[in-house]
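Protein chains: 2
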Amino acid sequence: MKTVAVIGALDTKSDEFLYLKTRIEREGIKTLVVDTGILGSPGFSPDISAAAVAREAGENLEQMRREHSRQKSNDTMLKGAALTVRRLHEEGKIDGVITMGGGRGTIVGGEVMRNLPVGFPKVMVSTQATNGYAQHMFEGINDTFVINSLVDISGLNDILKMVMNKAAVTIAGMVKMEQAPLEKTRPRIAMSMLGITTPCVSAVQRRLEQAGFETLVFHSNGLGGTCMEKMIRQGWIDGTADITTAELTPGELGGIGYAGPERLTGGADMGIPQVVVPGAMDIIDFAPPESVPEKYLDRRFIMHVTSLKVVRTSVSENRHMGKLMAGKLNQSKGKAVVAFPLRGLSANDCEGTPFYDREADMALLEALEENLRNDIPIYKYDCHINDEAFADAVAGLVQKVMIS
Amino acid sequence: MKTVAVIGALDTKSDEFLYLKTRIEREGIKTLVVDTGILGSPGFSPDISAAAVAREAGENLEQMRREHSRQKSNDTMLKGAALTVRRLHEEGKIDGVITMGGGRGTIVGGEVMRNLPVGFPKVMVSTQATNGYAQHMFEGINDTFVINSLVDISGLNDILKMVMNKAAVTIAGMVKMEQAPLEKTRPRIAMSMLGITTPCVSAVQRRLEQAGFETLVFHSNGLGGTCMEKMIRQGWIDGTADITTAELTPGELGGIGYAGPERLTGGADMGIPQVVVPGAMDIIDFAPPESVPEKYLDRRFIMHVTSLKVVRTSVSENRHMGKLMAGKLNQSKGKAVVAFPLRGLSANDCEGTPFYDREADMALLEALEENLRNDIPIYKYDCHINDEAFADAVAGLVQKVMIS
Chain G
1 MKTVAVIGAL DTKSDEFLYL KTRIEREGIK TLVVDTGILG SPGFSPDISA AAVAREAGEN
61 LEQMRREHSR QKSNDTMLKG AALTVRRLHE EGKIDGVITM GGGRGTIVGG EVMRNLPVGF
121 PKVMVSTQAT NGYAQHMFEG INDTFVINSL VDISGLNDIL KMVMNKAAVT IAGMVKMEQA
181 PLEKTRPRIA MSMLGITTPC VSAVQRRLEQ AGFETLVFHS NGLGGTCMEK MIRQGWIDGT
241 ADITTAELTP GELGGIGYAG PERLTGGADM GIPQVVVPGA MDIIDFAPPE SVPEKYLDRR
301 FIMHVTSLKV VRTSVSENRH MGKLMAGKLN QSKGKAVVAF PLRGLSANDC EGTPFYDREA
361 DMALLEALEE NLRNDIPIYK YDCHINDEAF ADAVAGLVQK VMIS
Chain W
1 MKTVAVIGAL DTKSDEFLYL KTRIEREGIK TLVVDTGILG SPGFSPDISA AAVAREAGEN
61 LEQMRREHSR QKSNDTMLKG AALTVRRLHE EGKIDGVITM GGGRGTIVGG EVMRNLPVGF
121 PKVMVSTQAT NGYAQHMFEG INDTFVINSL VDISGLNDIL KMVMNKAAVT IAGMVKMEQA
181 PLEKTRPRIA MSMLGITTPC VSAVQRRLEQ AGFETLVFHS NGLGGTCMEK MIRQGWIDGT
241 ADITTAELTP GELGGIGYAG PERLTGGADM GIPQVVVPGA MDIIDFAPPE SVPEKYLDRR
301 FIMHVTSLKV VRTSVSENRH MGKLMAGKLN QSKGKAVVAF PLRGLSANDC EGTPFYDREA
361 DMALLEALEE NLRNDIPIYK YDCHINDEAF ADAVAGLVQK VMIS
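Quick note, the sequences are listed as chains G and W, same order.
If you're matching positions, the first sequence starts at 1 in the working numbering and goes up one per residue.
If you're matching positions, the second sequence starts at 1 in the working numbering and goes up one per residue.
None of these hints come from the bench; they were simulated from the model.
A hint or two may mislead.
Which copy is meant is left open, so a pair is good if it fits within one copy or across any two.
[What the hints assert, rightly or not] Below 30 Å or equal to it, Euclidean Cα-Cα: the simulated DSS-like pairs (lysine-lysine) are: (1) 323 to 333; (2) 400 to 30; (3) 184 to 72; (4) 184 to 161; (5) 335 to 161; (6) 79 to 380; (7) 335 to 380; (8) 323 to 30.
Using the sequences and the accompanying hints, generate a full structural model.
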């Protein structure tokens with residue numbers, strides 16, 4: 001029989017969790033209840049106690065209670081819950097996980113989800129879902145199904161029962177699903193895309209699909225790149241056509257869409273073949289427009305819809321970014337190549353368009369040339385990133401590195 | 001057989017939607033596909049065409065295409081999709097709905113979900129889920145199950161198929177579920193709560209549950225109150241113990257947690273009995289702390305965790321808020337009463353605590369007294385909101401108005 005881990009605070013929400021547990025079991029699924037309550041005794045016996053969760057994080061629950069440090073207790077249960085569920089998954093003891101909670105329960109749930117692989121069935125019931133200012137709680141939870149509980153997890157009532165019923169059939173359906181084993185029939189190429197590099201990415205994608213590759217396109221909005229790197233590290237990906245590395249820029253220059261320090265490191269560490277294009281590195285995105293720092297106020301800019309102000313990167317910034325890219329690629333354990341379109345890095349940066357700045361682009365190229373390991377070649381093409389000829393070249397490079 | 005409406009852009013994403021449709025049908029569910037594509041012809045025949053969707057919004061698709069107004073086309077399909085799905089639901093032609101998309105598809109999906117009642121099975125697959133800066137797209141989608149597609153909806157690959165498989169079993173499970181008909185066994189009382197009014201709300205809740213009522217607690221963080229008002233209007237609620245009206249304040253004074261102009265109007269319009277307490281109206285919440293406007297910088301404040309700065313409301317602001325509350329309550333078609341705790345409106349506003357300001361509280365009271373309809377009584381209690389005696393009084397008032 002399949003087993004679902006049920007994670008939450010049994011001290012304050014035991015009636016609700018008992019209902020959820022019973023409802024899941026009615027679907028013919030076993031449950032394994034993990035208590036993350038700090039304040040008091042659980043209303044019913046969990047399979048893994050709060051004390052055991054604290055122990056998993058190297059702490060003693062009774063002692064923490066005596067210390068009255070709310071921050072430490074919260075951090076401990078967060079860490080302990082994530083480690084516990086991760087271990088249960090690795091030991092093959094669970095087939096899915098569900099969390100339910102308010103502010104604190106959502107933070108714990110997020111940490112649990114973040115530490116589980118893509119593909120593993122995950123459901124979160126949260127009072128904070130779709131709550132704009134609470135959104136940071138959900139970042140990185142991958143393919144978790146999230147539902148707002150509508151009412152607080154505070155008393156059994158028809159509405160909460162209705163939501164829990166849905167959550168129960170959802171997690172049950174997912175763990176029972178005849179999931180076609182993700183046997184790889186074709187090599188998988190991860191690709192990174194923004195609107196301003198879409199013609200290139202789509203053209204490369206068509207060519208690679210025709211050549212027998214499976215392509216996975218990630219949106220280079222910060223979230224997509226984070227997900228791509230994570231999936232590369234989880235072994236889902238066989239090679240990259242990383243055409244839109246713009247997600248590196250915000251970490252150095254500000255703005256939105258940063259994919260974190262792990263960006264452009266997964267392929268290097270995993271030793272998979274990488275074809276890298278500095279796509280869209282002519283831009284820094286700011287939203288809202290008022291958030292543009294003073295130092296960029298005299299820059300060329302484009303208003304992209306009303307809520308996004310796009311600023312042109314400078315010669316010195318591009319030099320800095322080229323060096324940073326080279327440093328990351330130099331860690332590559334596998335084959336890596338760079339493809340550089342000499343006539344512009346995005347739809348904005350094209351002869352006759354406002355961001356066209358050959359000097360800035362060349363600064364990026366020179367920094368790559370100066371800093372890249374000798375065995376990482378830079379192929380230069382006298383075309384724009386979105387030209388068909390460039391797509392031909394990139395598709396060809398992918399096929400070449402994937403064979404060699 | 002149950003039917004699920006499948007909503008999306010068949011011009012650019014027809015392979016993906018065909019897969020999703022087929023996968024849902026494999027679960028023994030009928031599908032009804034609604035095309036929202038603007039640009040081109042659908043890759044397979046939908047049940048309701050894009051032209052019909054545009055017509056539902058009073059527009060002509062062919063003419064819009066000739067006009068090349070992207071904004072108008074987007075607005076039309078948004079409106080048309082929401083109206084179409086709403087109508088299909090009202091005609092009893094569908095038992096659930098699923099949407100899938102990127103930026104535009106998520107906006108359309110959000111509008112579809114917002115216009116469907118709580119309880120109706122709703123699933124959204126979105127590239128924007130858990131993306132902090134895209135969160136406004138999801139506001140008000142109620143009990144929609146949301147999952148991030150991980151990869152762009154751009155080509156059929158293992159990852160997207162895996163996500164679609166999960167979405168298919170989820171919507172199928174929900175529409176097939178033997179949902180206990182939500183027959184009302186006890187009268188339902190909606191309650192509003194913040195941390196600083198929790199002792200009062202919990203105590204009233206206990207008393208009401210013991211007296212045979214069902215209580216639904218909503219978190220007064222802007223989202224909860226919006227949901228509460230919507231559920232009142234949908235006929236889910238029989239009476240209110242609206243103990244935390246703090247969600248009215250941001251609309252007038254700034255800060256976070258505004259529940260919109262509908263707050264404190266549902267009960268009035270629906271004519272259900274209302275017991276209203278101006279709970280937590282001593283505060284204005286700002287996050288991040290830097291967002292506090294200049295005019296409040298010399299106010300008393302509290303740092304609530306590191307990311308939230310809480311500012312005390314003034315005499316004149318409270319007078320304004322009292323008048324506003326009275327104006328809303330004066331629209332009541334049913335029985336309404338106000339209960340006022342004379343010794344403080346929240347845990348912050350208590351003798352000996354930094355926000356205690358009897359003058360400001362009295363200004364609120366006076367404004368209520370001066371502006372409320374004569375037949376809406378104000379019961380004054382010489383206690384703090386979180387005193388047991390006040391909870392006794394409020395619980396008594398709820399029972400009284402529910403009987404009369």
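For each hint, the structure was consulted:
no. : hint       : verdict
1   : 323 to 333 : within (19 Å within a copy, 69 Å between copies)
2   : 400 to 30  : neither (49 Å within a copy, 45 Å between copies)
3   : 184 to 72  : neither (44 Å within a copy, 43 Å between copies)
4   : 184 to 161 : between (40 Å within a copy, 13 Å between copies)
5   : 335 to 161 : between (54 Å within a copy, 29 Å between copies)
6   : 79 to 380  : neither (47 Å within a copy, 47 Å between copies)
7   : 335 to 380 : within (18 Å within a copy, 77 Å between copies)
8   : 323 to 30  : neither (53 Å within a copy, 55 Å between copies)
When each numbered hint is compared with the structure, violations occur for hints 2, 3, 6, 8.
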